[in-house]
Structure formats: structure tokens, C-alpha cells
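Protein chains: 2
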Amino acid sequence: LFLPQGNGFPLDSVQDPIKATTEGHWAFIATEGLLVPVNSGPGLGEGGVPGLEVPGPSLVATNAARLRLIAGPEKRLLEMGLRRAQGPDGGLTASTYSYLGGFDSSSNVLAGQLRGVPVAGTLAHSFVTSFSGSEVPPDPMLAPAAGEGPGVDLAAKAQVWLEHVCAHLGLGVQEPHPGERAAFVAYALAFPRAFQGLLDSYSVRRSGLPNFLAVALALGELGYRAVGVRLDSGDLLQQAQEIRKVFRAAAAQFQVPWLESVPIAVSNNIDEEALARLAQEGSEVNVIGIGTSVVTCPQQPSLGCVYKLVAVGGQPRMKLTEDPEKQTLPGSKAAFRLLGSDGSLLMDVLQLAEEPAPQAGQELRVWPPGAQEPCTVRPAQVEPLLRLCLQQGQLCEPLPSLAESRALVQLSLSQLSPQHRRLQSPAQYQVVLSERLQALVNSLHARASP
Amino acid sequence: LFLPQGNGFPLDSVQDPIKATTEGHWAFIATEGLLVPVNSGPGLGEGGVPGLEVPGPSLVATNAARLRLIAGPEKRLLEMGLRRAQGPDGGLTASTYSYLGGFDSSSNVLAGQLRGVPVAGTLAHSFVTSFSGSEVPPDPMLAPAAGEGPGVDLAAKAQVWLEHVCAHLGLGVQEPHPGERAAFVAYALAFPRAFQGLLDSYSVRRSGLPNFLAVALALGELGYRAVGVRLDSGDLLQQAQEIRKVFRAAAAQFQVPWLESVPIAVSNNIDEEALARLAQEGSEVNVIGIGTSVVTCPQQPSLGCVYKLVAVGGQPRMKLTEDPEKQTLPGSKAAFRLLGSDGSLLMDVLQLAEEPAPQAGQELRVWPPGAQEPCTVRPAQVEPLLRLCLQQGQLCEPLPSLAESRALVQLSLSQLSPQHRRLQSPAQYQVVLSERLQALVNSLHARASP
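Top line first, the protein sequences correspond to chains A and X. Add 1330 to a position in the first sequence, counting from 1, and you land on the number used in this note's numbering. Add 1330 to a position in the second sequence, counting from 1, and you land on the number used in this note's numbering.
There's no promise every hint is true.
Claimed, not checked - For lysine to aspartate or glutamate, the following DMTMM-like pairs were computed, each having C-alpha atoms within a straight-line distance of at most 20 Å:
#, chain 1, residue 1, chain 2, residue 2
1, A, Lys1405, A, Glu1602
2, X, Lys1656, A, Asp1601
3, X, Lys1656, A, Asp1565
Derived from the structure by calculation, the hints contain no laboratory data.
Use the sequences and the hints to build the structure in full.
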């Protein structure tokens, strides 16, 4: 659970203090993440900040954090799910919070412009297939990267390299699609320092790969290094291994060592399972583009954040309902994280706001949910979880930048123990109630059931 | 698949003709729903209309249409998923297109204001639990519905009725929660002609129901009729049956026949399975509020609409890729629906735009996907599926209203045969290629694989 960046909400209309967990910090559903005074007026209720600005962002950030845990720290994760979002604004939310959750970049340039998300992308199949090969480039001449010396006809040079490459790969020089090669040349002429190849518009092995190598080697002669290739179909892991082998062999054959390590990007409906395979030991995949799976969170496409009344005028309120799990915890509350002497996380405790905070080194009696008896805990450290973030309409401290919140996500997740962090059947982290809060729950229950 | 309402896109910047299926008409993924000329400039590509304005709306409308098929025509379906959407704009899309797909109303008042979606809602638990029962209404006097005669103290009258109701139900008069009753009285004073009760803030049987009856009967004496009750927890179907029994018995006991048929609304994470149960024969549920399940489409939270290049300057283009199912169908195309002499749907046929349209009564040779041989069909009727909707930046005909598109959804779905319309394992509706289109696919395949 992550709390969102303030984005344009008229905070100065809110006169009451608001407490929240720091954005980027994980929290549990049972812990109230955002406390909103009931008399803050319209716009802050279910249809306002808690209802609209918390669940979607928190869901996407949580999902992105899961994907980052699976991918490990080295793989570059590119969010490219704009077309699967609920319209443009849904896409902006998704791009912003998948970055916060641990992605490296987004293909959504508006998220770059408005939120500072690093943007990245590759070329489209429609760009590649729009060329037939009979096109004449307006200006095929490219100057060397160093800026000295005469320009060179890149299309002609690529054609020469194609013959070497096809001979090396055992392919006929007619096999690679001329339109695909024309597209690569056009892209390279426009972006010689950012040339990349989308390899699977026709056949990767017989067309995309030799065409990419021909253009990359022609560019290389002029001092430019290709930045990558992308695969969007077929067995991505297997093809990446084969392409890396071809890159290594060609690097040796043509004496261009940088070719060995040209990044391989993959995409194509990558979900958690596919990601785990692509991120396995020995994988030659470097960049993983994920769209649908990060944006729509197919494993759990909604997050059950709710806006509930817990107190009016200092008096606690509780909803009992017919389902025990839909009952609310009454009263304005504070939340603390209890840690052991080795810094390990013991549990979170919810208590009434007016109770004194738990003290490090002192024994505390608490009630696990549904327990018949309290248990005791002696924390070595105590961290308050809710910070005062808004008072009299003013922010109490500057909002962290998106990149700072993103770093906090990784830091705070690293503090979770492995059994709580694992993605399959994680151990349940305990969130307990203070004795006074438990007593209040009991008394409101008793009062409603005379 | 449904195509979205135009909403603010600068259509007059588009000089080329655009063809599309009529909004509200079902179509199949294989049928191109929207043809966009490649030189229509930026904004109309993957990140523009086809990418952002088609998939999300079509997904929600399709999902809503499924839910309407399950619910049957009689139940009122209320969309209430704003807080589960991808931010406010995602919520506006979801509310608009769940209405188009067959819902009756939305709790999203912005969708009402901007798109004309009928708005509806109920009261919130936080409203009910904000009352303790010790409040003094600023003005407890209510005039009769007919406007004649003196005002009556509604709170006092409800208290009198509470005693009758509790005696009738065999409850102690202290059992119903006084705060819940105070909330109902306050709501009734504000909306005497739209009084409804949310029954499950405490206990439905021992509190919500007697409090509702007390206030509804007090209002009834003044000539007002309560408009409904809502349940948000527990076994909704079972409780609805019990509540209807109580309504019938109370209607007889207190001689108020209208009480028998007070609508019962239910909500609480209702998915397709739960909806089927609530809509079964003999169910006493009248209104079903659905949020998460209609907005996030949990069974399939994304729709694979893609923007693909099919022709450049009249020349067909085709993406082959490493996955046969990711191949595109080349060329600018037309689509027709073929019907039998009894009006039954036979199949859809895709052909090249320049081919003559299929003729009713004439035999046609077509290729089912993946077939080794063509088959023949003799349609009794032929309907073109793509209409010219934009020419030289001008709409060719007025856009239908949202309500008109909503009606078309139900009409067009009613034309589908039961085996195609059923929700579990539907029969696959055939979309075939014309002989010339199949020949073009074969020739581009052969050209790419010499």
C-alpha cells in the first residue's frame, strides 16, 4: 500500500490536520493509511482523496513492486501499458505509480512531462512494415560520430555489411526483408546515437537479426553504437540466448567487441510467471517491457481501500454489519511498528490516538485479531507510522520527489523479512490492537447487542 | 466490442475518411472496428483514438453487457465502482460505458453531468454511524405529502411506530440502535419523497429493519412512500427473502399495501456468480449495485485492441512475427455480416476494400481461419459492418446519444443466437476471409519466406 503524490488537490481548503503514512512506505490494509477529519468538507470523502487517489495508485505501485521483486535489481523494467489503461488519466496514474513501485521507465511521454517519469521506448511494428524497400531516403548521408571526416551513404554501407553478415550467418542475401532494412536505415539516420532494431516484424533469424546487424555494423564503422534490439513474439528467453550467441560470434568475426553486449529487450504479455522465467539465472534478456500486467493488475485488479467513519466529535463510531470482516475499528487511532533488538519487524500495533505511544524496552499487552487472550511483546524499537502531513491547510514538510518515494519503496521492502516478502503464500504480518482499543471494540459490540 | 462516443477529439484535424462500426453494435476482435488512415497525423495512432478511446470503453461495455445478460431485463443494475477505477477519468469511462452496456444508472454524478448517465445512489454507512441518537433535529416537523394539514414531529411519530413494529416483530423496543433511527429520521426529513434505509450498519433483523419500518410507517401516515432499502453484507438473497416476508406481514398488519413492494437493493462485491444467484427465479432483490466487478472487469481486466498498419499508399502491409496469432491481415478492408433467409447470423466476412460487396442470394467462396480449403455460403441478406463516419473532418451523420447506443446494444445482442450469446463456453462465431484477401495473405507470406 502506497500513498499517492499530491496532484492539484486544493489542500488549503482543508482546515483540519491530516495524518498519513509516508509515500513509498508499505503498510497493511488493517492499518489506516490516511486519517481524514470528518468535517473537512466535500471532496475529501469516499469520492475524494481517499476514494480516488489512494486505491488505484496503491494497487499499481504494489503490483510494480511485486514485479520488481521477481525481476531482481538488475533487469531494466519498462512500463508500456498506456493502451490497456482506463483512458488517458488511468494511464497517467499507472505510469507514475509503476515507476514509484520499482519500474525504471515508461513509454508514456505525458508521465515524463508531468511527473518526471523517465521515458523510454522502442520502434513500432507499423513503422517497420510501412517500408517496402523501394523508398529512396531523402538524405542517406551520415557524418561520423566524432564529427570529423566526410559523410557516408548509410543505406549503401548497410547493403555491403548485409553481404558479410549473411555469409557469416549462412543466409541468402535475398532473405532479409528489404522493407525492414529500409526502416532500420531510416531510423538510424534519424537517431544514429539511439539506433535499435525491432526484430520480429517478419522473421527474427532470417530477416530482423541480419538486417539489424548490417545497419548496426554500418553505424559502428562511423563510430556509433546501437543501443538495443527488441523481441515481441515467440519464445523470448530462448531467442535472447540465441541472439546473444549470434552477437558474440559476430563481435568476434567482425572485431567489434561492443556488439557482444547490445541490450536485448523483450515484450509480449509478460506476466509474473513469464517474468520469473526471463529473470532466471543466465538469462540474456536485459530490458523487459510490461504493459497489461502492470497496468491492469490481472491477479487482483482492485484494491479494497475504503473510507470509513471512525469518530464524530471525539466520540468513537463503529459499523458492525452482518459480516465480521466488514466491521470497522472505532475511534481516532495511532499506529506504531514494533521492532526487535536486531532491527527485525515484530508487528504493527493500532491504538487509540489519545493513548501514550509504546515505549522501547517496556512490555506491552496487545490483542491479535480474533484472539481470545492478549499476548505480550517487548519492543526494542518503536516507530510511529502516521505522520502529521497537513495542518491548517499547509503541508508540514515538503512532499518527497517521485524518485525519492521510489527509493523509499525499495528500502522499506528490503526491511521486510523474506517470509513476509515472498510472493507465494507469504507469512501474515501481525497487526494487533492495544488493550484499550480492544476494550472499546468489545464495549461497542456489547452496546449494540444488548 | 463497442466503439466509444466522440468526446472532444479534434476531428476536424483529420482530413482522411474514417470508417467504423456503429457504436453499440457488437463486433469480433478479428473484425477491424475502426479504420484510421495512416497519414492522419499524430494523435490518431496507438497513443490516440484507437489506443486510448477504444479498449477501455469497449471492455467495460462488454463486461456490463455480460452482467445484464446474467441479470435479465427486469433487475435494476446500479454501477457504483468509482473508487475502484484508475482515478477520476478511469471512473468516468467506466460509468459511461457500463451504462451503454446495459446498466440503468451510476453513482458517479460527474458521469450524469457530463454524459447524461442517470444517477442513483443510497446512503452511506458513515452517514448512519455518524448519529448516536442523542442528536436533536433542527426541525423535526414534516408537512404531509399532499401539502395540506399541519406538520408532524417525525421523530416522535417514528418512536410511536417503533413500539408497534417491535411488538409485531417480537423485539424489545430498546434493541434497534437509536443512532441508526436518528439517521433515518434525518434522511427522511431531508428527502421525504426519496426515503430509503441502509439496513446493515448494526444488525439488519434487530435494528435496521425495525428502524426502517418505524420511519417508513411514520412517513406513510403523512402520505410519503419509502423508495427502498439496501443490504451491503451477509447472505443477500436469503435476507432479501426474509425482508420481503417481513414487508408483506407488516403491510397486512398495518394495512399499508405499498409496503409489500418496497424495492430491495443489494451490494457487496457482486460478481457474475453472485449476480446469477441474486437474479434467479423467485429472488426478491430488485436493485443490484455493482462496483469492482463492472469497473475492473476482474475476469479479463484488459481488452487486446491494437493499432496495426495494414496498408501504405494503397499497398498492403503485413506483420508476420514469430507467433501466427500475432500476424496481421493485410490491406484496407471491408466487413460484411451474412444472414440466412430466417434472419439468423451465418458469419462475418472480411474482404479487401476494393472488392465488390457480397450479393444476397449469390454463392460466395470464403476461407475460415486456418482452413486448408475454402467453403461456400449463400447469404439471404448482407449487411455492411463499417460505416463511413468521418469525411474531410466532418461527421457524416450525427452521433447517436448514449441512450440510443445503449438501446442498440440490447437490440444487437438479441440478434445473436443463444449458443453464441451464452456466457460459458460460447460457440465461436465465424469470421472468414474472402478469396482475394486469403490470396493476398498467402502471397505476402510467400514473399517473406522465399
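Structure-based check of all given hints:
At most 20 Å may separate the alpha-carbon atoms for a hinted pair to count; A/Lys1405 and A/Glu1602 meet this at roughly 14 Å. A threshold of 20 Å between alpha carbons decides the hint, and for X/Lys1656 with A/Asp1601 the separation of about 18 Å falls inside it, so the pair holds. Of the supplied pair hints, the one linking X/Lys1656 and A/Asp1565 holds, its CA atoms being roughly 13 Å apart against a limit of 20 Å.
Of the numbered hints given earlier, the model fails none.
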